[in-house]
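Participant: Guided by the hints, dock chain B onto chain A, whose structure is given.
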Amino acid sequence: MRWRRAERPTPPRLESRLDHEGEGGEQGRANVSEAPREWDDDRLAAYEEAAVELCTCVTSAYDGPGGWHDRVWAAGWAAMSFLEDDPARARFLLVDVNGAGRRAQARRDRLLQRLADMLDGGRDQLEDPAAISRCTAEIAAGAVYATLLGRLDGGGLEQGKALLGELIYLAVMPYLGSRAAEQELLVQPLR
Amino acid sequence: MGKGGGQRRARGDSGPRLPAGRHGLPREFVTRNQRERIITALVDAVAEKGYNDTTVADITKAASVSRRTFYEHFSGKEECFLAAYEMVVEHIRDAMVVAAGAFEEWPQKVRAALATMLRFLSGEPELARLCLIEPIGAGGEIGARHRATMQGIVEMLRAGRPAHTGARPLPETTEEAVVGGISALIVRELGAGRAADLEKQLPQLVELVLAPYLGAEEAERQAQEPAPA
Numbered sequence: 001m002r003w004r005r006a007e008r009p010t011p012p013r014l015e016s017r018l019d020h021e022g023e024g025g026e027q028g029r030a031n032v033s034e035a036p037r038e039w040d041d042d043r044l045a046a047y048e049e050a051a052v053e054l055c056t057c058v059t060s061a062y063d064g065p066g067g068w069h070d071r072v073w074a075a076g077w078a079a080m081s082f083l084e085d086d087p088a089r090a091r092f093l094l095v096d097v098n099g100a101g102r103r104a105q106a107r108r109d110r111l112l113q114r115l116a117d118m119l120d121g122g123r124d125q126l127e128d129p130a131a132i133s134r135c136t137a138e139i140a141a142g143a144v145y146a147t148l149l150g151r152l153d154g155g156g157l158e159q160g161k162a163l164l165g166e167l168i169y170l171a172v173m174p175y176l177g178s179r180a181a182e183q184e185l186l187v188q189p190l191r
Numbered sequence: 192m193g194k195g196g197g198q199r200r201a202r203g204d205s206g207p208r209l210p211a212g213r214h215g216l217p218r219e220f221v222t223r224n225q226r227e228r229i230i231t232a233l234v235d236a237v238a239e240k241g242y243n244d245t246t247v248a249d250i251t252k253a254a255s256v257s258r259r260t261f262y263e264h265f266s267g268k269e270e271c272f273l274a275a276y277e278m279v280v281e282h283i284r285d286a287m288v289v290a291a292g293a294f295e296e297w298p299q300k301v302r303a304a305l306a307t308m309l310r311f312l313s314g315e316p317e318l319a320r321l322c323l324i325e326p327i328g329a330g331g332e333i334g335a336r337h338r339a340t341m342q343g344i345v346e347m348l349r350a351g352r353p354a355h356t357g358a359r360p361l362p363e364t365t366e367e368a369v370v371g372g373i374s375a376l377i378v379r380e381l382g383a384g385r386a387a388d389l390e391k392q393l394p395q396l397v398e399l400v401l402a403p404y405l406g407a408e409e410a411e412r413q414a415q416e417p418a419p420a
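Top line first, the protein sequences correspond to chains A and B. FYI, the numbering for the first sequence is 1 to 191, going by my numbering. FYI, the numbering for the second sequence is 192 to 420, going by my numbering.
Same shape as in the complex, but just chain A (with noise of 0.2 Å):
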């Protein structure tokens, strides 16, 4: 539980106060309130552990046996598990590492490039599987991301399993087609 001792405030790094020296005054002020909110090592530090760990779960679901549906599905239940578990390490995870600055974001994108591996398997289903590029994965993640984020803005993923159904229709329409992908919307996720 690293994470958690790393979600008290960061103080504005003393390279941000000193690079504003001599700025005194009112405005001085203004400025360090304004000062870079990048994450130091330690909150990057938790960031990984967790990261690591989700991407441990997930990768074992998706590595378990049956065809590429099923493993979509297995990952997707597994990432929805780990999220739901703790509301407050999936907003370390998803939402507040966007104002962390460079560092937290790479290792964010290097999590979305691993959920776009994943959907990237979706082209071996296709005859001609050039047919497609990464890209579509990558905007598939890109999609999934930015729904879970809404989600997590809007208070929380409590109900992240019942999403899952919308979250791989829209997922696996580039490479099942839309009428396969339908049968998506009607599976009822038991919790």
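Among these hints, one or two may not hold up.
Computed spacing ranges between beta-carbons, pair by pair [stated by the list, open to error]: (1) B:Y262 with A:S60: 35 to 45 Å; (2) A:L186 with B:R349: 21 to 31 Å; (3) B:G343 with A:A180: 28 to 38 Å; (4) B:S266 with A:E127: 31 to 41 Å.
Each computed DMTMM-like pair below joins lysine to aspartate or glutamate, with the alpha-carbon atoms no more than 20 Å apart [to be verified]: (5) B:K240 with B:E270; (6) A:K161 with B:E363; (7) B:K252 with B:E270; (8) B:K240 with A:D40; (9) B:K252 with B:E239; (10) A:K161 with A:E182.
Worth flagging that the hints you see were computed from the coordinates, not collected in a lab. Since the model is a prediction, treat every value here as computed from it, not as a measurement. Just so you know, even glycine gets a beta-carbon here, dropped at the ideal spot from N, CA and C.
Facilitator: Only chain B this time, still in chain A's reference frame:
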């Protein structure tokens, strides 16, 4: 003006400067000129250093205004950024609405609006970064405003629901996910330094947006149509 109609500036040139001293210009003109210079300077500074690393000192230096003048116009860097952000977003939104208005059918409206957006962003990579990449990292009020902007696009896309041809009702999250996908693609291209090639992504984006409403096959067909002029 750039390809998409945005104002182009040479780096380091924050626009015409007022003559020093008592120039006798009306106060309203001076104030507007200063504000525009400050905003332009912010755009340049953010393009060079990113929002988080840009300081008020960077902006005032580039705009050749005093800190006092800066704070007469803005309460801080965030408010200044938001002023620039709103200007760019409003410009893009207006251009998209005009482009869409030239067509009757929703799929063509979508296509024209997307083409217009991509044309602008590819011609103005600095402004593209300012309105699509920086807000994600900035957080706070800027992040909130950006999410509100994206929500506005979500509402625009909902107009396509009557065109839905599927057997099942569209999920509530469809538009949110589609906008997330559009954003992911553009951010990816900008991040890879391929802003100039953004217009090549039009077929991909058209297909992405139309697929949930018209079905993957029809969306693919629409995506192959020639881009609107």
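Participant: Hint by hint, say whether it matches the structure.
Facilitator: Cross-check of the supplied hints:
At about 54 Å, the CB distance of B:Y262 to A:S60 disagrees with the hint of 35 to 45 Å. A hinted range of 21 to 31 Å for the beta carbons of A:L186 and B:R349 is consistent with their spacing of about 23 Å. One distance hint, 28 to 38 Å for the beta-carbon pair B:G343 and A:A180, holds here, with the actual separation near 32 Å. Here the CB-CB span from B:S266 to A:E127 is close to 59 Å, at odds with the stated 31 to 41 Å.
With a C-alpha separation of about 18 Å, the suggested pairing of B:K240 with B:E270 holds against the 20 Å cut-off. Restraint check: the Cα-Cα separation between A:K161 and B:E363 comes to about 15 Å, which is no more than 20 Å; the hinted pair holds. Restraint check: the Cα-Cα separation between B:K252 and B:E270 comes to about 18 Å, which is no more than 20 Å; the hinted pair holds. Between B:K240 and A:D40 the alpha-carbon distance is near 19 Å, which keeps this suggested pair within the 20 Å criterion.
Taking the CA atoms of B:K252 and B:E239, the gap is near 14 Å; set against the 20 Å cutoff, the hint holds. Under the criterion of a C-alpha separation no larger than 20 Å, the hint pairing A:K161 with A:E182 is consistent with the structure, at around 17 Å.
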